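Enquirer: These are the residues of each chain, in order.
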Amino acid sequence: MVTSDPWLWVAAFFTISLYTVAFKDNPVYRFSESVYIGVAAGYMVTANWFNWIKPNLELIGKGRYLLIVPFILGLLIYTRYIKSISWMSRIAIAFNLGVGSGLILSKDFKPLFVTQIISTFRPLNNFNNILLVLGVITSLVYFLFTIEQKGVIGYGARVGRWVMMLALGAAFGSTVMARVSLFLGRVQFLMTEWLFLVK
Amino acid sequence: MGNVDRRIIYVVMILVVVYAFVKPMGLPITISQHTKNAYNAIDSLPAGSTLVIGFDFSAGGIPELEPAAKAIFYQCMKNNVKIVMMGMWVMAGDMAERVLTEMEPLFPNKTYGVDYVNIGYKPGNALLLERAVDDIIGAALDIDHRGNKMSTLPIFQEFKSLKDADFWVCLSTGNPGVPDWIKIVGDPLKIPGTTDVVSVSIPENMPFVQSGQLTGIIQGMRGASEYELLVNRPGRAVAGMDAQSLSHVVILLFIALGNISFLMGKKKTG
Numbered sequence: 001m002v003t004s005d006p007w008l009w010v011a012a013f014f015t016i017s018l019y020t021v022a023f024k025d026n027p028v029y030r031f032s033e034s035v036y037i038g039v040a041a042g043y044m045v046t047a048n049w050f051n052w053i054k055p056n057l058e059l060i061g062k063g064r065y066l067l068i069v070p071f072i073l074g075l076l077i078y079t080r081y082i083k084s085i086s087w088m089s090r091i092a093i094a095f096n097l098g099v100g101s102g103l104i105l106s107k108d109f110k111p112l113f114v115t116q117i118i119s120t121f122r123p124l125n126n127f128n129n130i131l132l133v134l135g136v137i138t139s140l141v142y143f144l145f146t147i148e149q150k151g152v153i154g155y156g157a158r159v160g161r162w163v164m165m166l167a168l169g170a171a172f173g174s175t176v177m178a179r180v181s182l183f184l185g186r187v188q189f190l191m192t193e194w195l196f197l198v199k
Numbered sequence: 200m201g202n203v204d205r206r207i208i209y210v211v212m213i214l215v216v217v218y219a220f221v222k223p224m225g226l227p228i229t230i231s232q233h234t235k236n237a238y239n240a241i242d243s244l245p246a247g248s249t250l251v252i253g254f255d256f257s258a259g260g261i262p263e264l265e266p267a268a269k270a271i272f273y274q275c276m277k278n279n280v281k282i283v284m285m286g287m288w289v290m291a292g293d294m295a296e297r298v299l300t301e302m303e304p305l306f307p308n309k310t311y312g313v314d315y316v317n318i319g320y321k322p323g324n325a326l327l328l329e330r331a332v333d334d335i336i337g338a339a340l341d342i343d344h345r346g347n348k349m350s351t352l353p354i355f356q357e358f359k360s361l362k363d364a365d366f367w368v369c370l371s372t373g374n375p376g377v378p379d380w381i382k383i384v385g386d387p388l389k390i391p392g393t394t395d396v397v398s399v400s401i402p403e404n405m406p407f408v409q410s411g412q413l414t415g416i417i418q419g420m421r422g423a424s425e426y427e428l429l430v431n432r433p434g435r436a437v438a439g440m441d442a443q444s445l446s447h448v449v450i451l452l453f454i455a456l457g458n459i460s461f462l463m464g465k466k467k468t469g
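Residue numbers (this note's numbering), protein chains in the order written: chain P, 1 to 199; chain S, 200 to 469.
One or more of the hints may lead you astray.
Listed below are several chain P residues computed to face chain S (Cβ distance under 10 Å; list not exhaustive) [to be verified]:
#1 GLU58
#2 GLY151
#3 GLY154
#4 PHE183
#5 VAL187
Residues from chain S shown here face chain P by an in silico Cβ test under 7 Å; the list is partial [stated by the list, open to error]:
#6 ARG206
#7 PRO262
#8 LEU340
#9 ASP386
#10 ILE401
#11 MET405
#12 GLY419
#13 SER446
#14 GLY457
No lab work stands behind these hints: they were computed from the structure. Since the model is a prediction, treat every value here as computed from it, not as a measurement. Ideal Cβ placement from N, Cα and C applies to all residues, glycine included.
Starting from the given sequences, assemble the full structure and let the hints guide the process.
Expert: Shown next as structure tokens:
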């Protein structure tokens, strides 16, 4: 017993064909990959049109003429395709960079930097806190490149290196888990929704 | 053994995963303190409060994030907590609709636009949140994912901006995501929140849990399965746990075999 929904058949075909590359590159995989990229691009354009551009244009039509300014700024990006006026695209990029920098400077500093530093100042009354403080200090010591790494600094840097290797190991483990979960999701789809092998 | 064809590993992996789904073993799932903290925080919200969910992921995050999204929706609707769904990722609206497709029939007495709403995707990343802090309708250009005029929906009579949120949850696969919610909503407005992240993002988000900027964390499919158990509604994440555990065993075995063969080869060559 399999599903009669044609769209689930399409999904199953693309799921299987995209996984075939794990065994060998083949035309079916390349076809699916191209379709995927095309659909993703089309989805992006459509979503942005209906969620943002069209409603904004309607607002301009209703008299909110100030919205023309960002609209023109956005259009300036495309001047890079006309060599003689391509310099105008930099205006839009500069505007974006300015806003982005301002946002980061005003918003990131306290919650993402100061608060994180404060949270490493912990009472050394349990193993976790000791490990955390030691890990932070020794990792920072590792990056003291202007001081020769010998003696206490050398030992600290070596411990810091181990701490970072453990952290990278944990990150790699999480990455493996994430990729396995992705695969499980697709197998689950094939077995439950497409083949009805599992309830 | 060190030169084992990678295709053999894939075949073994496929067989193990299929076996685990066809013959579930029901391996025990212990609930972590991080998931419990997130669950308790949401469970303690009084009836009538509003929880905002950021669907900041795309289709790739479905296996790990959707089960928890459904469980949180289920929990909130049972506790009469209102839900506002929005997102900085282009697929946000459709990801939320996937949750609603399964959840709406379970709560026939709950109404779209009164008890929950799907604003969907709006561009702007952090700037979207920044604008929504002052005026949610203005930020979303007065149109939700289903094409309704937001100003006509009853839920927005009380929920005028993100300042009116009682709790936030960021379902995240990357950037924009958790740091944006913390720096624009969590920290400045003192609104508590949590996150459900894909496994690959767990290490980078743990410092926010440590600093108290996140109330617990739901960690990938594993965390989602714990959450499903907490709301007493085992779903896809719980079903996937056997397969995940077994596939990890396979990976560990191959890592061990690879290392043994490397050490033996080293010994032979001196």
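Enquirer: In ascending order, which of the hints set out earlier in this document are inconsistent with the structure?
Expert: Hints 2, 3, 11, 14 not satisfied by this model.
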